[in-house]
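A.B. asks: Here are the chains, one letter per residue:
Number of protein chains: 2
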Amino acid sequence: MAARIGPADVRLCLGTASVNCGPGPAVATIRFRDRRTLAVLSLDPVNRFGDAYSDGGVEVEGDLVAGLVSVNRALAKKPGPHWLSKLRSLVPHTPLRDRKAVEHHYDLGNDFYRLWLDEQMLYTCAYFDAPDRSLEAAQAAKMEHVCRKLGLKPGESVVEAGCGWGALALHMARHHGVSVRAYNLSSEQIAWARKEAQGQGLASRVEFIQKDYREIDGRCDAFVSVGMLEHVGLANYGVLADVIARTLDRDRGRGLLHFIGRDWPEPLDSWISRRIFPGAYPPTLDETFRGVFVPAKLSVVDVENLRPHYALTLRHWRERYERAVEDGRVSFDERFRRMWRLYLAGSEAAFRTGWLQLFQVVFAPSGSGGMPETRAGLYDAPEGLTWNEPTF
Amino acid sequence: MAARIGPADVRLCLGTASVNCGPGPAVATIRFRDRRTLAVLSLDPVNRFGDAYSDGGVEVEGDLVAGLVSVNRALAKKPGPHWLSKLRSLVPHTPLRDRKAVEHHYDLGNDFYRLWLDEQMLYTCAYFDAPDRSLEAAQAAKMEHVCRKLGLKPGESVVEAGCGWGALALHMARHHGVSVRAYNLSSEQIAWARKEAQGQGLASRVEFIQKDYREIDGRCDAFVSVGMLEHVGLANYGVLADVIARTLDRDRGRGLLHFIGRDWPEPLDSWISRRIFPGAYPPTLDETFRGVFVPAKLSVVDVENLRPHYALTLRHWRERYERAVEDGRVSFDERFRRMWRLYLAGSEAAFRTGWLQLFQVVFAPSGSGGMPETRAGLYDAPEGLTWNEPTF
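So the sequence lines, in the order shown, correspond to chains A and C. Okay, so the first sequence: first residue is 1 according to my numbering, each after it adds one. Okay, so the second sequence: first residue is 1001 according to my numbering, each after it adds one.
FYI, nobody ran anything at the bench for these hints, they're computed from the structure. We put the CB at the ideal spot given by N, CA and C, even for glycine. Relax, there's no trap hidden among the hints.
Per label pair, the in silico range of CB-to-CB distance:
#1 A/251 with C/1136: 26 to 36 Å
#2 C/1333 with A/391: 34 to 44 Å
#3 A/204 with C/1013: 53 to 63 Å
#4 A/389 with C/1187: 36 to 46 Å
#5 A/388 with C/1235: 37 to 47 Å
#6 C/1235 with A/200: 50 to 60 Å
#7 A/31 with C/1391: 30 to 40 Å
Quick partial rundown of chain C residues pointing at chain A, CB under 10 Å, derived from the structure:
#8 1131
#9 1286
#10 1315
#11 1353
#12 1368
#13 1373
Beyond 12 Å from chain A on every Cβ pair, some chain C residues (computed):
#14 1019
#15 1023
#16 1024
#17 1025
#18 1034
#19 1060
#20 1066
#21 1115
#22 1155
#23 1188
#24 1218
#25 1276
#26 1329
#27 1331
#28 1332
This is chain A alone, in the form it adopts within the complex (with noise of 0.2 Å):
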């Protein structure tokens, strides 16, 4: 077992037996339940992990992350099956699997993640402008952060594919002027984001559709998506690429994509695709601009890679989420709750190894006149960025 992990700095255990994988200080101890756990976990570790943990067959002592960080670390130097995750990619997605995906992770039910989202429920990385904002700070500013990118102004119209619980569509609205049209599959979220919509004197310039993302239609003067594409699957990627080439003014427009990605094309791991969110998959930027940005004929205007803040994001969601499970707030059985601290964990694990990456990727129509002159306006100026003709 200690061979199939590498020399990760945890301990193993079964009864009273123990090794140490590597060769310094363990920062978490694995515990195996029995010896047929065991034998099952030797033979597949990544794929059987997820479940034994769920299941109580694995117990970890110590520190959840920095065990899994450990162990991720040690697995990264064995090579992965590179051809498999093509593979799983090109797995068709149609909107009735899409749907279905959606409501399994989704529609767990708007109390679930109330318990552990901030108040505004962004499911989404954060920006922490500085390291001691609050949860509720960090989305706000990363609300922020994606508007002074695309420098909104009163009175322009936004798509937003993807759009949660609606936090952001009506934040632009509210802090911008702007009129939204945000899409989502989820009955759940777009019930919330209506009702907000209602109780914020905003319903008139912000229209919540549960359709599919392929169903937008009409014209924006800026495109943004943040956690979509994660869901869209790479052989879609040439639908979403009409999708915004015909959504998206020629002359004016600009968008934004924020997604989680890949530094090269990988699976995601198998048990958070079976268990939580089926069908994902985290692309490259290669894959997203040969995908989605040359057919739609767009330019790259800039990328921005927010690594840490997922796993600081990912933290608070974790500390949140333990918190209720201590009150007794969540109300699924012992294996749900073992899954979804697992998920957490792994996930920040991933982020703070660079398994995962988050990219925040602004474009605008190839050749379109438009674009910030410096991006010193995202950090000085009130509004954000100017998306002028260049004065030179």
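Chain A is already provided as a structure; the job is to place chain C on it using the hints.
C.D. replies: Relative to chain A, chain C alone:
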């Protein structure tokens, strides 16, 4: 002929006959010397225009850049020969072939380049942190922009691949206290750079090495290459990946590639490629990431598109060049003088229309600890970005 070009805002003239290509007022007039020139150009305007202009078979009256911009925009609506791009880019670059290409362009003589480059002889895109900067100030700002993105610290080691006349290497050593090994194939440039290093008392900290990038050895904290990738050739990206992977420190290393690129694959203008830059190929971001970053296991940290800055840089160069021509300081013959005018004007037009992009890509070894928490320091911290382990 007008049909070949499409609806550009230019007027075509032969003797006393003339016709407008587009519906709008003409920004420039293209005058043909005789029927034969018109006939040759009608068959293949894209490939024949450069030589015809250089030979005086064609004259452009009015605004040369505006005329080229208009023709570019009209041609952009016609699909380009995508496969040709691939074909040409795969012509093998051998060290000998690269040496000849370098000699063709860069060994025209330092005296020639001194006539129209800035004092420090930077022959790459400047950075206009304010639009009214002089070329000298904007080139200094570009060097600082690069150093601040890399967060260079005194005592660190830098490898520069393709160092031109050495200005950036000298700037890094003088203003950031690093030691630099800078590589270049051009004997004229290397001689100049070594003399500068001596004169500035930096010879002990900046080593100029007349070798191919393939021969780079040793280790470094930062790897930087400004304006070389265009000359490497797609087929050699794997070699460059090997060089970066074996050179860059995997724990605290980071790097920057600055290069002319494309939004989608296309061959370099055939005239530029024949007369000006043999073997050059401006890659797309996805070609760069797939060819260099994925095999070298690098993570993209930041991408900035400086397209308008190169248009303005080229305008500065052309204005200085035209003054030198007027003053009789350009010793080459009229054909060369016209060729160079068209090259500078055509390049400006290409950046203005978005045919060419200028990408600065900052990267680090995948999963390395050092990474700036945000990019704000690039604009407001005295030393630029900090590449420590994030505090969160």
